[in-house]
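Number of protein chains: 2
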Amino acid sequence: MEKVSIGTSVFVFPMPVVLVGTLAQGKANFMTVGWVSRVNASPPMIAVALGKHHYTVPFIVENGTFSVCVPSADMREKTDYCGLVTGEKTDKSKLFDVFYGSLQTAPMIKECPLCIECRLVKAVELPTNDVFIGEITASYADEGCLSDGKPDFKKVDPLLLTMPDNGYWALGERAGKAWSDGKKLMSNAGK
Amino acid sequence: MEKVSIGTSVFVFPMPVVLVGTLAQGKANFMTVGWVSRVNASPPMIAVALGKHHYTVPFIVENGTFSVCVPSADMREKTDYCGLVTGEKTDKSKLFDVFYGSLQTAPMIKECPLCIECRLVKAVELPTNDVFIGEITASYADEGCLSDGKPDFKKVDPLLLTMPDNGYWALGERAGKAWSDGKKLMSNAGK
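Residue numbers (my numbering), protein chains in the order written: chain B, 1316 to 1506; chain G, 1316 to 1506.
Please note: incorrect hints may appear among the correct ones.
Straight-line alpha carbon distances no greater than 27 Å define the calculated DSSO-like cross-link-like pairs of lysine-lysine that follow [claimed, not checked]:
#1 B/K1469 x B/K1437
#2 B/K1404 x G/K1492
#3 G/K1404 x B/K1499
#4 G/K1409 x G/K1425
#5 B/K1318 x G/K1342
#6 G/K1404 x B/K1318
#7 B/K1498 x G/K1404
#8 B/K1492 x G/K1409
#9 G/K1367 x G/K1465
#10 B/K1409 x B/K1470
Simulated restraints on C-beta separations [stated by the list, open to error]:
#11 B/S1417 x G/E1403: 40 to 46 Å
#12 B/E1392 x G/V1319: 23 to 29 Å
#13 B/S1417 x G/T1401: 37 to 43 Å
#14 G/E1488 x B/G1459: 20 to 26 Å
#15 B/Q1419 x G/V1319: 15 to 21 Å
#16 G/E1458 x B/Y1415: 16 to 22 Å
#17 G/E1488 x B/S1495: 23 to 29 Å
#18 B/Q1340 x G/S1417: 46 to 52 Å
#19 G/E1377 x B/E1392: 26 to 32 Å
#20 B/E1392 x G/G1459: 32 to 38 Å
#21 B/E1377 x G/V1436: 23 to 29 Å
#22 G/T1401 x B/A1438: 39 to 45 Å
To be clear, the hints were calculated from the coordinates, so they are not data collected in a lab.
Glycine is no exception: its CB is placed at the ideal position from the N, C-alpha and C atoms.
Turn these sequences into a full structure, and let the hints steer you where they fit.
See below:
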């Protein structure tokens, strides 16, 4: 099939939807983020890329910590709300049941099935966004979302975001097994 | 629900599956990557976090370019294969129909519904991984995967990866609208 050009400001894959938590002027604050990825294997690190104008930004630097919580699909309205209103004008500290881990300044959300506490290790300044890289110091899960002690994503029921259609999506059916499905091609090649 | 600790080496959200392309010793090479995110709004940038030992790594630096292609779910076996074998030992240049854009050194995959060309703008060294940040200089789509000129993710049919269960997943049902579903809570608050 022939390709057509679709410009440069593209979002070509579904993004995981998370809530980034900070302690801001003594109150828990949460912002909705889709630009998030694991970035280092050992020690485990995660990065979030936030527009520089966000209320959250200076508090990550001030505290040297942040949290990343994964909402389930049934938290869609509150999750979206956290992306619609700024902590500068709206107190979001009562929106969720909040808890803290050992870092003490990274508020997490009890309703979220999975939560991570991070210690800031590096901030990378880009033209419009700051990329905050945090070492994962602890993570917490609802026992009911685990199978054999590990996250079971059918139970977690996370949200995905696509742009520019601004769609929230559920995770679909399991389609295969990574580091396994391609082995057929290895044996076909006689390896 | 009470939370249980699940350690620090966690993968708490589904990750988009992409193929990162480089020109390596004159041949197109592709590796499978799940640690990928948009990181800057303007100019548009994307980051991939690659283990330092990967064959791909020095060629991104040498060329100053790389590509990010999104395979559809029916490319699952070839996609997985690219994560199983290293370009150091296996020639992956004939696995796909390859094309090049204006950067000339960022090979892309015709079979992939969405492809991005990137110019390297920053490399961030972390302990075990290098994060390569690229400016998106062009992107290409199959016309059949667009609706109103924009990616239609039901047609793209991308793969998602979860760990540590190593599952590939399809995108599920559309669950809502971002920057919209939370407005109900704004009006409830009288705003």
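So, going through the hints one by one against the coordinates:
1. Among the hinted pairs, B/K1469 with B/K1437 is inconsistent with the structure: their alpha-carbon atoms are about 33 Å apart, more than 27 Å.
2. Restraint check for B/K1404 and G/K1492: the C-alpha separation of about 23 Å stays at or below 27 Å, so the hint holds.
3. Distance hint between G/K1404 and B/K1499 is fulfilled; the C-alpha atoms sit about 17 Å from each other, no more than 27 Å.
4. A distance of roughly 12 Å separates the Cα atoms of G/K1409 and G/K1425; the hinted pair therefore holds under the 27 Å criterion.
5. A hinted pair counts as satisfied when its Cα atoms are at most 27 Å apart, and B/K1318 with G/K1342 qualifies at roughly 22 Å.
6. In summary, the hint linking G/K1404 to B/K1318 is not supported, as the alpha carbons are separated by about 31 Å, beyond the 27 Å threshold.
7. Restraint check for B/K1498 and G/K1404: satisfied, since their Cα atoms lie roughly 15 Å apart, inside the 27 Å limit.
8. This hinted pair checks out: B/K1492 and G/K1409 have alpha carbons roughly 24 Å apart, not beyond 27 Å.
9. This hinted pair does not check out: G/K1367 and G/K1465 have alpha carbons roughly 35 Å apart, beyond 27 Å.
10. For the hint pairing B/K1409 with B/K1470, the CA-to-CA distance comes to about 26 Å; that is within 27 Å, so the pair holds.
11. A hinted range of 40 to 46 Å for the beta carbons of B/S1417 and G/E1403 is consistent with their spacing of about 41 Å.
12. Range check, B/E1392 to G/V1319: Cβ separation about 27 Å, and the 23 to 29 Å hint holds.
13. Distance hint check: the CB atoms of B/S1417 and G/T1401 are about 39 Å apart, consistent with the given range 37 to 43 Å.
14. At about 22 Å, the beta-carbon gap between G/E1488 and B/G1459 stays in the expected band of 20 to 26 Å.
15. Taking the beta carbon of each, B/Q1419 and G/V1319 are about 20 Å apart, inside 15 to 21 Å as hinted.
16. For the hinted restraint 16 to 22 Å between G/E1458 and B/Y1415, the CB-CB distance of approximately 51 Å leaves it violated.
17. Hint check: G/E1488 to B/S1495, Cβ distance near 26 Å, so the stated range 23 to 29 Å holds.
18. A hinted range of 46 to 52 Å holds for the C-beta pair B/Q1340 and G/S1417, which are about 47 Å apart.
19. The hinted range of 26 to 32 Å is not satisfied by G/E1377 and B/E1392, whose Cβ atoms lie roughly 48 Å apart.
20. The beta-carbon spacing between B/E1392 and G/G1459, approximately 34 Å, falls within the hinted interval of 32 to 38 Å.
21. A C-beta distance of roughly 28 Å is found between B/E1377 and G/V1436, which places it inside the suggested range of 23 to 29 Å.
22. Judged by the Cβ atoms, the range 39 to 45 Å given for G/T1401 and B/A1438 is violated: they are separated by roughly 33 Å.
The earlier numbered hints that this structure contradicts are 1, 6, 9, 16, 19 and 22.
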